[in-house]
Every structure is written in structure tokens, then in C-alpha cells.
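*Asks:* So the sequence lines, in the order shown, correspond to chains A and B. Residue numbering for the first sequence follows our numbering, starting at 656 and increasing by one per position. Residue numbering for the second sequence follows our numbering, starting at 324 and increasing by one per position.
Any given hint could turn out to be false.
Covered by chain B, per the in silico footprint, the following chain A stretches (three or more residues, Cβ under 8 Å) [claimed, not checked]:
# : segment
1 : 749-760
2 : 862-873
3 : 877-883
Using 25 Å as the maximum straight-line C-alpha spacing, the simulated BS3-like pairs for lysine-lysine come out as follows [what the hints assert, rightly or not]:
#  : chain 1 : residue 1 : chain 2 : residue 2
4  : A       : K786      : B       : K603
5  : B       : K603      : B       : K522
6  : B       : K337      : B       : K444
7  : A       : K801      : B       : K522
8  : A       : K912      : A       : K679
9  : B       : K499      : B       : K603
10 : A       : K801      : A       : K786
11 : B       : K522      : A       : K774
12 : B       : K499      : B       : K444
13 : B       : K444      : A       : K801
14 : A       : K731      : A       : K774
15 : B       : K522      : B       : K337
Calculated directly from the structure, the hints in this document are not laboratory data. Glycine residues also receive a C-beta, built at the ideal position from the N, C-alpha and C atoms.
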Amino acid sequence: MDGNEVGSSIRIQGLSKVFTDGGKSVTALQGFDLDVKDGEFICLLGPSGCGKTTVLRIVAGLESRSAGKVLVHGRKVDSAGSDRGMVFQEFGLFPWRTVRRNIEFGLEMGGVAPDQRHKTSSMLIDLVGLKSFEDAHPRQLSGGMKQRVGIARALANNPAVLLMDEPFGSLDAQTRNLMQRELLRIWEATRKTVLFVTHSVDEAVFLADRIVIMTARPGKVREIIEVDLPRPRERTSAEFISVRGRVLSELDEEFEKARAKEIARQ
Amino acid sequence: MSNWIRSLNNSVVKAVRQNGLYLILSVASFVVFITVWWLASAWLHGDWPFEGRSPVITAEYLPYPWVVVHAFFDSFTHPDPFSDLYMGDHVYSSMKRIASGFALAFVTAVPLGLLMGRSRKAEAVLNPEAELFRPIPPLAWVPIFTIAIGFVWGPIVIVFMGIFFPVLLSVRLGAKSVDPLLIDAARTLGANRLQIFTKVVLPYTTPYLMTGVKVGIGIGWMCIVAAEMLGAVGGGVGWYIWGTAQVARYDLMYAGMVTIGLLSILTTGVAGFLEQRLYKWMGTK
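In isolation and in its complexed conformation, chain A is listed as follows:
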């Protein structure tokens, strides 16, 4: 339990990641630090290519780290595991499995008995609003419904943290707003720690307890903005717009820096 404080869910210290591809190396992350409290909803926001998805993938154990420490509930992360659920932008559902069997995948891998699996998946199908679709296959579902399956599937293992990589990025604006409200409802019901990557300022302000704004590559934390607004948040309220403005101006500055670097490189 080294370095674990009470109530700390994810602790990332001095995280660096260097990608090497055919002799060329790119530093994606350098000295990224973050402490996420138990049950907290964190949004990672930053200019594209800043390494926000890399942070998520390292916490998930899908990517190795070049330096630094990642602890989830005091346990060092070194491979993927069912204690961290992940939701992907492109869903990643198994096309040959029904909704129910997709949701039960993790339980099946963990050797949970069929009747227990069935009970858990029924509960989750209810929770994410997929009743009467349990026997459908992914190709029969809309994008929003697919991501409901993605969320339920990630929750099935009852993970401590939920890692979400632009989960609503491929949905249309209407569905996106609906899914944001749905996610908050599910989050309030399950109280998971959520690490949510997005490039939408609006989405971050609507969802997050704290918004982590990252610098341009190599990515580290530029600023953490606390969103102290009661939920459900009103996108048109003055407070919402003011937080949104603050986040935007921070982000714009990083974007300009990234662009200047790009120009300097040419």
C-alpha cells in the first residue's frame, strides 16, 4: 500500500511516455502528475496529440510507461486487469455476441457461474436502459445504444475505476447530450471513479468534478479547474458559461503554443 492515502483512487506520479517508431522517438508525456479521489469524475482535456488517451491507456494497462508511477487503489499498474473498466470511442463490442453476452464477457473470463452472470447482466441491462435489446447483436444497435452496451460491459466486473476514451466522440450531438445525462445518472448510481478523456469543452464542464487541462506535446498537467456547479448542470446558465470560458481560454493558449511549435519545426 505504498504511497496510498485514504480516499485516493488513482495516483499518477511523474508519468512519462516515449514512443519510438523506426529510430524516431516522440515524447508523448513528460512528468504527468494526477491524484484522483475515490468516486471522483475527472475529465482530461487538451489539444489533440497531447497524450490524453495515452494516459488513459497506461492506467488501463494497455500501454507501458517509460517512467513514473501509476497506482490504482494503492496497487501498481503493470498490466490490464478487470479492476479497471474501459469504454472505447469505437465501442469495441464483439459482433458475434448478443448485448447480454457482450456484457457478460468479463464475468465469463473471470469464471463467474452462468446464473450469477445472468443476474448481473440483467441488473446492468436495466441500469443502462437496454431492456428488450438483450438478445440483439451490435450491428442492430444505434451508436448510442452500442455505447450503453460498452458502459454496461465495463461495469460488469465491478471495477474500481471507469476509464472512458472519448466514449461519445462518434455520436451525433443529440445522442451525445442524452448519453452525457445518462452517464451521470449511472455514475450517481454506481459511484465509480471516472477518468474521462474528451476534446469537447462543453462535455467536460457538463460532466466533471475537476477538469484536467493538459499541455501540448509533451503532455503534462497545465491546470486543474474545479467545476463547483450542482448537477444537473444547465448549459445555458451564466455559471456554466463562465467556467466554459475559463477552460476555453486556457485551452486556446495551449493550442496556440502547439501551433507555434509546429510552425517553428517547419
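Since chain A is already given, all that's left is putting chain B on it; use the hints.
*Replies:* What follows is chain B alone, placed relative to chain A:
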């Protein structure tokens, strides 16, 4: 079983209803083919509409379509002119050979294809041999295999050589093209390496495997004439074609060729039907 027959029947009825135009086109194409055959044969024979033209000596090389059809039915009721076997016996022997060759190819090519598709090391080890042997036509193996292994296993191994590579290549392609996102998803859901293999790679590869199987069966039939060229225990349709040609019974020879075509259509059709059932069961179609 009756369920299967009913569903087969339903799918045929549905196909006719939905694809009426295409069905007409296919039938028309077949009619044109028979007409061209008939005209070519009539030309060789100097019959109507080429009357007056003296018959070509080699007219027997191309009998009329109905003569071949007659020979085809005859071959099942009369023993062939060089042994005491009926066409049914030859079909049975060839089918057994194709089935054995297919089974051998399946149990070897599927694991090897999966291995080569998922492990770069395995691919580096196995690829030189695969690339070396792949372009060698099964026909080239006929003399050595029939002499060295004999008339029971020789022909089977030749058929095996034909079916092995299409199955190997398509399974390897399938295993290679597994969506990495699905593997990531499985890993975050707690799947270990064996589970990723059995629960993700295997189902993902199945459609590729079925394509390989269908192509393989077709190639297997293409190999049967070569495989039975020097002889085969219990005869065979390929052997039948060689034998009837030797005694200049070209009508029977063509009947043998028609038989191979029909058998290939039948077996590939069964594989295609099983494939559809499989996809339906897996829910991907």
C-alpha cells in the same frame, strides 16, 4: 434434420423470389452455353445447320450435349468399359478421397494458419517453407506420391496438398486482421492470453476460415483428376476420366467431367449453407 431441410427449402424459395432477374440471367447463360456446345458439335459432325460439310474425323471428340447426358445416366447403371465399377463407386471413392484430404488439410492448416497469423516468430519460421511449397502444382507431386505412398494414400495426399494452402492462407489472413480494439477490450475485461485466443481471435477468424474451406473444396476437386491419374484403389471419377479417354469413350469421359462439376457444386454448396447457419448462430449476419 427436417428443420434444416425446411430452412434450406425456405432459402431457395426466398432466393427465387428476391433474385428473379438474376436467376433468369443465370438460366439464359446456361442455355447459351449448351447452344454453343451443340453448334460446335454439329459443325464437327457436319450435321444441320452445317449440312453438306463433310464430317471431321475427330467428331467423336465432341459428342452432342444429349449424348453426354445419356452417357451420364448410363454410367450409373452400366459398369465402366475398363473395370467392373459403376459411376456410383467412382463417386464414392473420390468423395472419400476429398473428405480425407480435406480433413487432413483442416486439422493441419487451421492451427498453422492461426499460429502464423498471431505470432511473428512462428511466421518467420514457417513462411519460407510455405512460400516454397505453395506455388508447386499438386500435379507435380503425382508421380512421387503415388509411387512412394501407394494408391490409397498417394491420391489423398495430393488432394491434401491442393486444399491445404487456401485454408492456411485465409486462416492466417483472418488471424492477422483481428481488430486490435477487440483485443484491447478483452484485455481490460480481464481475459488472459488463452481466452483472447479462444474468445476473440477464433470467432473473428471463422468467416475467413469458411472462405478458405470453400475455395479449398473447389481446388480439391480440381486436383482429383491429377490425384487419380496413375490409378487409385477403388477407382474414382478422375481415374474414370483417364480410363474412358484411353478407350476413346469420349461421351463417358465428358460424363465424368460433368460429374466432377456437379460434385464440386454440391460440396461447396453444402459448405456455403453451413457457413450461413454458422453466421446466423454467431449473429454476425
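*Asks:* Are there at least three residues in the segment 749-760 of chain A whose beta carbon sits under 8 Å from a beta carbon of chain B?
*Replies:* Coverage by chain B holds here, the residue count being 6 at a Cβ distance below 8 Å.
*Asks:* Would you check the hint for K801/A and K522/B, treating anything up to 25 Å between C-alpha atoms as holding?
*Replies:* Roughly 20 Å between the alpha carbons, so the hint for K801/A and K522/B holds.
*Asks:* Checking one constraint from the list: CA of K444/B to CA of K801/A, max 25 Å. Satisfied?
*Replies:* Distance ~36 Å between K444/B and K801/A Cα, so the pair is violated.
*Asks:* Below or equal to 25 Å on CA atoms is what counts here, so check K801/A against K786/A.
*Replies:* Satisfied, since the Cα-Cα distance of roughly 13 Å is no more than 25 Å.
*Asks:* Cut-off 8 Å, C-beta pairs, minimum 3 residues; does the coverage of the segment 862-873 of chain A by chain B stand?
*Replies:* violated (count 0)
*Asks:* Need the status of pair K499/B, K444/B: alpha-carbon distance at most 25 Å?
*Replies:* Within the cut-off at roughly 13 Å; holds.
*Asks:* Do the alpha carbons of K522/B and K774/A lie within 25 Å of each other, as the hint requires?
*Replies:* 22 Å, holds
*Asks:* Does K337/B pair with K444/B here, judged by a C-alpha cut-off of 25 Å?
*Replies:* 48 Å, violated
*Asks:* Does the alpha-carbon distance linking K603/B and K522/B stay inside the 25 Å limit?
*Replies:* Answer holds: K603/B to K522/B is near 17 Å, not above 25 Å.
*Asks:* Decide if the proposed pair is consistent with the structure: K522/B and K337/B, CA atoms, cutoff 25 Å inclusive.
*Replies:* 34 Å, violated
*Asks:* Quick one, are K912/A and K679/A close enough, alpha carbons at most 25 Å?
*Replies:* 23 Å, holds
*Asks:* Below or equal to 25 Å on CA atoms is what counts here, so check K499/B against K603/B.
*Replies:* 24 Å, holds
Comparing the model with each earlier hint shows violations of hints 2, 3, 6, 13, 14, 15; every other hint is respected.
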